[in-house]
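Protein chains: 2
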Amino acid sequence: MPDYDGAVTEATNSGAVTLPAKRGRGERSSPTIYDIAKLAGVNPSTVSRALSKPGRVSAKTQKIIEDAAEQLNYRVNPFARALPTGRTQTIGLIVADITNPTFFDIIRGAETTGSARDYTLVLAESAESPETELIAARRMLSTVDGLILASPRMDDEEIRALAADKPVVVINREIEGVPCVVPDVNKGISQAVRSLAANGHQELAYVAGPPQSWMSRRRWEGVQAACDWYKLGAVRLESSKPTVDGGRQVARDVLASGATAVITYNDLLAIGLMQELQAAGMHVPDQISIVGFDDIFGADFTTPALTTVRSPLGECGSRAAALLLDMLLGHDGPAGAVRVDTELVVRGSSGRLIA
Amino acid sequence: MPDYDGAVTEATNSGAVTLPAKRGRGERSSPTIYDIAKLAGVNPSTVSRALSKPGRVSAKTQKIIEDAAEQLNYRVNPFARALPTGRTQTIGLIVADITNPTFFDIIRGAETTGSARDYTLVLAESAESPETELIAARRMLSTVDGLILASPRMDDEEIRALAADKPVVVINREIEGVPCVVPDVNKGISQAVRSLAANGHQELAYVAGPPQSWMSRRRWEGVQAACDWYKLGAVRLESSKPTVDGGRQVARDVLASGATAVITYNDLLAIGLMQELQAAGMHVPDQISIVGFDDIFGADFTTPALTTVRSPLGECGSRAAALLLDMLLGHDGPAGAVRVDTELVVRGSSGRLIA
DNA sequence: GTCAAACTGTCAACCGGTTGCCAACTATTG
DNA sequence: CAATAGTTGGCAACCGGTTGACAGTTTGAC
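One line per chain: the protein sequences are P and C, in this order. The opening residue of the first sequence carries number 1 in my numbering; numbering runs sequentially from there. The opening residue of the second sequence carries number 356 in my numbering; numbering runs sequentially from there.
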């Protein structure tokens, strides 16, 4: 029910009616612990304790105060609480690109887990820029209880500095001394390369992501290791940006490389690459196999549907938020990185080479 | 820019910068206006005025204070500011479903426009539930300066009640007395139906979205009107949920309806429907044409690519945020709804009926 | 019955800005 | 040069909770 605060407390204002916007627009203001205290016949500090320090006041008083609070439809003023305590019931999330579906699930996972524990999610975007990211992180850090960095682009040192200030959890990157949630790509990559090798491929290209991306490097290392093991040649190609468009642009280099199988840093690149190759008359997977990363929304819309190494991103977001909330309760972060499993999802874009 | 949001540009770390004073238990705390006041040799209130009320203090004092603030690397404490003023430099956005790509452009548009004016975006999800939405809206409203509701599911009355409290802008719905940003679907629908009629279709089905969705009703009305005009039969089918899955489930009803052309409430439904119809051996568009709504990310990944009525959702998010920020500056909201244009994007999923 | 420990509620001092009001100072004008 | 209007800076009272210190009450042990 909308609280239309009934009685105007006449004790407050002595003089003339302050009609011009006292707060915001309307004159309405929500009940405070002082109102409750008056109604319950106790001291405001007792109200404060009853409402936030269970056990500190007697059960009887507690009940009286809770009833009064209910009657007035009281809600704490988050700012008043935040001012002396610093607690804001808020967690921040910074992603590199809001429109990148990779982050959809991370955002949802974090939001869901957060709001289940009465935390609100604050979102910011870094636009893939380390500088923007740092500025956003700094600005946020003063207003949230903790911060989740999804695929951060800034330096380890800067992240550690932030983490020294308030709890920080990192997704998709490992940083010594900072709690991390990281998909363990080895399993998925190993499956992917084995599958490609089994299908007769001998030369593989990896299309890399942003140079600042730890995960892109990690995936390249994984690809190299797996290719060594399965005796495939591996070449690394750069992309201009980790998007569908970037994938289209890298198609030339892919063709020039002579590789018959491509693993891309993410699904967007894979999709763009596939579109461009098909437009150039190539047949996927008969002439070239394409494997993406992440299994984003839409990866199965393409024809052929995209084979991809799935990272459980929703789980990453959710685990990161849970970790953060735990840390806010005073627990220590995990010693090492939290690893979540990846797996190859085989669809139509990879298969036997038909030479 | 009237507000001092902190010296972000402290590139020149020249010489002795007084470190922030330690708080009682060795916790670091950031500098306050009192620190600045001491350093500048003025009263704290003068500092406050210098930093937030341009023109209220003399240029000379202003300069001294700004230098001192810079030297201390001062940032306002948002909570301390919010407590007396209610201003938080924050706007809220509530969407029905965080993972629905429809909202991603809206989110990005709002975030981008907001952060360009130094506002932070706070995000919440209603999970398509009017109750959850209302709770989230209430909780948010006390902590943000204004609220954007994207495709709200709650009653008009409840929204008006919220709008009476703080500035509210609605996207994808028209509510008398509340500023709205709404894609004007008529043009796009008209183009779509005309195109279908020209391709020989005579019976059309509309797959509706959530019953609480104003936009779904609006689109149905538009479809009916256009079908009247172009002399097509129109039948309305219900979906269980506005997702890919919901689209798959409604395939049976679509087939049973005998319609040869389908317009769905959104692209997700269209994609799911197309998948299921194709799985059942139907050929799109030779046997049945499918037209979606919104032109979301991935709509062009399908085979055939999806014909859809594009709504400029990023623009909606951005316009809504701009509107809201204007209102926060004291301007009135627009008299009527702000309409943005829609247009048909013809791709492969619609075409001539081959009977 | 005495004395101390445990429990409860109150007081008052914050947290860090904002702002109405007033006094002092400056500039303008007659 | 005095009177007046316009500036500018300071004082102090908030905003709404939180919390350490403390005193009054109970409770419990001996």
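Read the hints as simulated data drawn from the structure, not as lab findings. Wrong hints could be hidden among the right ones.
Stated by the list, open to error - Derived lysine to any residue pairs resembling SDA-like cross-links, with alpha carbons at most 20 Å apart:
no.	chain 1	residue 1	chain 2	residue 2
1	P	Lys63	P	Ser45
2	P	Lys38	P	Ser58
3	P	Lys166	C	Asn428
4	P	Lys166	P	Ser190
5	C	Lys418	C	Thr454
6	P	Lys166	C	Ser385
7	P	Lys166	C	Asn432
8	C	Lys418	C	Leu438
9	P	Lys53	P	Arg81
10	C	Lys393	C	Glu421
11	C	Lys596	P	Arg108
12	P	Lys241	C	Arg463
13	P	Lys38	P	Gly86
14	C	Lys415	C	Ser385
15	C	Lys596	C	Arg430
16	P	Lys53	P	Pro78
17	P	Lys63	P	Leu83
18	P	Lys166	C	Lys418
Cross-check of the supplied hints:
| no. | hint | in the structure |
| --- | --- | --- |
| 1 | P:Lys63 - P:Ser45 | 15 Å, holds |
| 2 | P:Lys38 - P:Ser58 | 18 Å, holds |
| 3 | P:Lys166 - C:Asn428 | 19 Å, holds |
| 4 | P:Lys166 - P:Ser190 | 37 Å, violated |
| 5 | C:Lys418 - C:Thr454 | 48 Å, violated |
| 6 | P:Lys166 - C:Ser385 | 13 Å, holds |
| 7 | P:Lys166 - C:Asn432 | 16 Å, holds |
| 8 | C:Lys418 - C:Leu438 | 27 Å, violated |
| 9 | P:Lys53 - P:Arg81 | 13 Å, holds |
| 10 | C:Lys393 - C:Glu421 | 13 Å, holds |
| 11 | C:Lys596 - P:Arg108 | 18 Å, holds |
| 12 | P:Lys241 - C:Arg463 | 18 Å, holds |
| 13 | P:Lys38 - P:Gly86 | 27 Å, violated |
| 14 | C:Lys415 - C:Ser385 | 25 Å, violated |
| 15 | C:Lys596 - C:Arg430 | 46 Å, violated |
| 16 | P:Lys53 - P:Pro78 | 16 Å, holds |
| 17 | P:Lys63 - P:Leu83 | 27 Å, violated |
| 18 | P:Lys166 - C:Lys418 | 33 Å, violated |
Comparing the model with each earlier hint shows violations of hints 4, 5, 8, 13, 14, 15, 17, 18; every other hint is respected.
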